[in-house]
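Student: Each chain is listed here by its residues.
Protein chains: 2
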Amino acid sequence: MRRTSFENAKSSLARSLEIVGDWWTLLIVRDAFMGIRRFDDFQEHLGIARNILAARIRRLMDFGILERKLYQVKPKRYEYVLTESGKDLKIILLAIKQWGDKNIYEGKGHPVSISHKDCGEEISVDIVCRLCMEVLSDDNERLDWSPGDEMSDNDRRVYSRFNTNSTFEMNLG
Amino acid sequence: MRRTSFENAKSSLARSLEIVGDWWTLLIVRDAFMGIRRFDDFQEHLGIARNILAARIRRLMDFGILERKLYQVKPKRYEYVLTESGKDLKIILLAIKQWGDKNIYEGKGHPVSISHKDCGEEISVDIVCRLCMEVLSDDNERLDWSPGDEMSDNDRRVYSRFNTNSTFEMNLG
Numbered sequence: 035m036r037r038t039s040f041e042n043a044k045s046s047l048a049r050s051l052e053i054v055g056d057w058w059t060l061l062i063v064r065d066a067f068m069g070i071r072r073f074d075d076f077q078e079h080l081g082i083a084r085n086i087l088a089a090r091i092r093r094l095m096d097f098g099i100l101e102r103k104l105y106q107v108k109p110k111r112y113e114y115v116l117t118e119s120g121k122d123l124k125i126i127l128l129a130i131k132q133w134g135d136k137n138i139y140e141g142k143g144h145p146v147s148i149s150h151k152d153c154g155e156e157i158s159v160d161i162v163c164r165l166c167m168e169v170l171s172d173d174n175e176r177l178d179w180s181p182g183d184e185m186s187d188n189d190r191r192v193y194s195r196f197n198t199n200s201t202f203e204m205n206l207g
Numbered sequence: 035m036r037r038t039s040f041e042n043a044k045s046s047l048a049r050s051l052e053i054v055g056d057w058w059t060l061l062i063v064r065d066a067f068m069g070i071r072r073f074d075d076f077q078e079h080l081g082i083a084r085n086i087l088a089a090r091i092r093r094l095m096d097f098g099i100l101e102r103k104l105y106q107v108k109p110k111r112y113e114y115v116l117t118e119s120g121k122d123l124k125i126i127l128l129a130i131k132q133w134g135d136k137n138i139y140e141g142k143g144h145p146v147s148i149s150h151k152d153c154g155e156e157i158s159v160d161i162v163c164r165l166c167m168e169v170l171s172d173d174n175e176r177l178d179w180s181p182g183d184e185m186s187d188n189d190r191r192v193y194s195r196f197n198t199n200s201t202f203e204m205n206l207g
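Chains as they are written, first to last, in this note's numbering: chain U, 35 to 207; chain P, 35 to 207.
Don't read these hints as lab results, they were simulated from the structure.
Fair warning: there could be bad hints in the mix.
Copies of the same chain are indistinguishable here, so a pair counts whether it falls within one copy or spans any two.
Derived lysine-lysine pairs resembling BS3-like cross-links, with alpha carbons at most 27 Å apart [said to hold, decoys possible]: (1) 136 <-> 121; (2) 103 <-> 136; (3) 121 <-> 151; (4) 108 <-> 121; (5) 121 <-> 103; (6) 151 <-> 110; (7) 110 <-> 121; (8) 110 <-> 136; (9) 108 <-> 151; (10) 103 <-> 151; (11) 136 <-> 108.
Note that the coordinates shown come from a computational prediction; the quantities given were computed from them, not determined experimentally.
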């Protein structure tokens with residue numbers, strides 16, 4: 035039922051969540067970003083059952099997030115690396131980490147710090163207007179929302195009913 | 035086993051995923067951003083079983099993401115609204131949407147368009163250095179990674195083994 039509901043959902047968010055929306059998926063991707071490539075190394079670091087890990091990795095390959103590369107011929111041994119689409123997940127991981135640093139660790143130190151090499155400042159994940167080169171994450175966020183061609187009728191009904199001023203401003207601000 | 039493993043994980047990402055890392059959680063939050071507040075409206079829009087929705091909403095309240103407000107006294111009726119911590123999830127939703135727009139819809143139109151009110155440009159979720167006011171998401175990304183006080187010994191071993199140059203650049207670039 036969950037699956038059916040999602041396949042029908044004409045929403046980037048819903049369809050992306052079907053792919054990346056489970057814990058292990060994103061932790062495997064995180065480990066791949068850290069440089070882990072081999073099954074045994076994923077297994078050791080994540081402490082996950084081998085059969086579950088194998089299923090998750092297969093799923094990530096089906097969705098084009100990881101790809102398998104032969105690194106030894108006799109016997110055949112494969113390692114798993116991020117595709118371009120997999121590398122694009124980085125900002126999602128960093129956005130989740132940023133949320134946790136603020137809302138779980140509450141700014142009191144956090145396990146990993148990521149900073150800009152040129153100046154040492156902690157990086158930030160933000161909503162940006164690349165035309166105005168403005169950060170819109172804070173009080174100056176002024177976003178217009180509009181339904182695209184691909185929006186389902188059901189979503190269209192809901193959006194028009196609840197977003198009385200047809201912008202995100204009221205609810206997202 | 036999943037739960038145990040996560041509670042031990044000293045990682046903002048892992049601990050955040052425990053809270054937000056399931057499909058329904060983020061879809062409920064998305065609906066809350068759209069302006070939905072009442073149980074029946076969530077239920078109708080998401081097409082989710084009432085008992086599952088009730089459990090998910092309770093969980094979101096336990097984690098401080100939604101809070102309940104009385105809107106009618108006789109009989110008592112509640113609505114569910116985002117807390118500050120819940121509103122902070124917005125950028126995660128937008129980052130996931132952006133990933134899906136590019137990697138699922140492949141730039142060929144998408145269900146929802148969100149643009150900067152001042153200029154009409156589609157917004158973007160980016161890695162930013164707020165000191166240099168630079169977008170670091172592209173080729174100019176130069177990030178230093180360092181373990182914080184809260185990092186577990188296991189993670190520390192893995193990071194030092196796989197990140198030979200102690201920066202993210204090699205693997206994340």
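Student: Between copies, within a copy, both or neither: which fits residue 121 and residue 151 at Cα up to 27 Å?
Tutor: within (20 Å within a copy, 30 Å between copies)
Student: Measure nothing new, just compare the shortest in-copy and cross-copy C-alpha distances for residue 151 and residue 110 to 27 Å and report within, between, both or neither.
Tutor: neither (39 Å within a copy, 55 Å between copies)
Student: Is it within, between, both or neither when you check residue 110 against residue 136 at 27 Å Cα-Cα?
Tutor: Neither: 45 Å inside a chain and 34 Å across chains, both beyond 27 Å.
Student: Is it within a copy, between copies, both, or neither that the alpha carbon of residue 108 lies no farther than 27 Å from that of residue 121?
Tutor: Result: close neither inside a copy nor across copies, 30 Å intra and 53 Å inter.
Student: As a check of your reading, is residue 121 near residue 103 (CA-CA no more than 27 Å) within one copy, between copies, both or neither?
Tutor: within (16 Å within a copy, 41 Å between copies)
Student: First find the shortest C-alpha distance between residue 136 and residue 121 inside one copy, then the shortest across copies, and answer within, between, both or neither for a cut-off of 27 Å.
Tutor: both (24 Å within a copy, 12 Å between copies)
Student: Go through the copies and call it for residue 103 and residue 136: within, between, both or neither, with a Cα cutoff of 27 Å.
Tutor: between (38 Å within a copy, 25 Å between copies)
Student: At most 27 Å between C-alpha atoms: does residue 110 with residue 121 qualify within a copy, between copies, both, or neither?
Tutor: Intra 26 Å, inter 49 Å, cutoff 27 Å: intra-copy only.
Student: Within a copy, between copies, both or neither: where do residue 108 and residue 151 come within 27 Å Cα-Cα?
Tutor: Close neither inside one copy (41 Å) nor across copies (59 Å); limit 27 Å.
Student: Please work out whether the CA atoms of residue 136 and residue 108 approach to 27 Å or closer within one copy, between two copies, in both situations, or in neither?
Tutor: For residue 136 and residue 108, the Cα distance exceeds 27 Å both inside one copy (48 Å) and across copies (39 Å).
Student: Given a CA cutoff of 27 Å, do residue 103 and residue 151 count as a within-copy pair, a between-copy pair, both, or neither?
Tutor: neither (31 Å within a copy, 45 Å between copies)
Violated hints, in rising order: 4, 6, 8, 9, 10, 11; the structure is consistent with all others.
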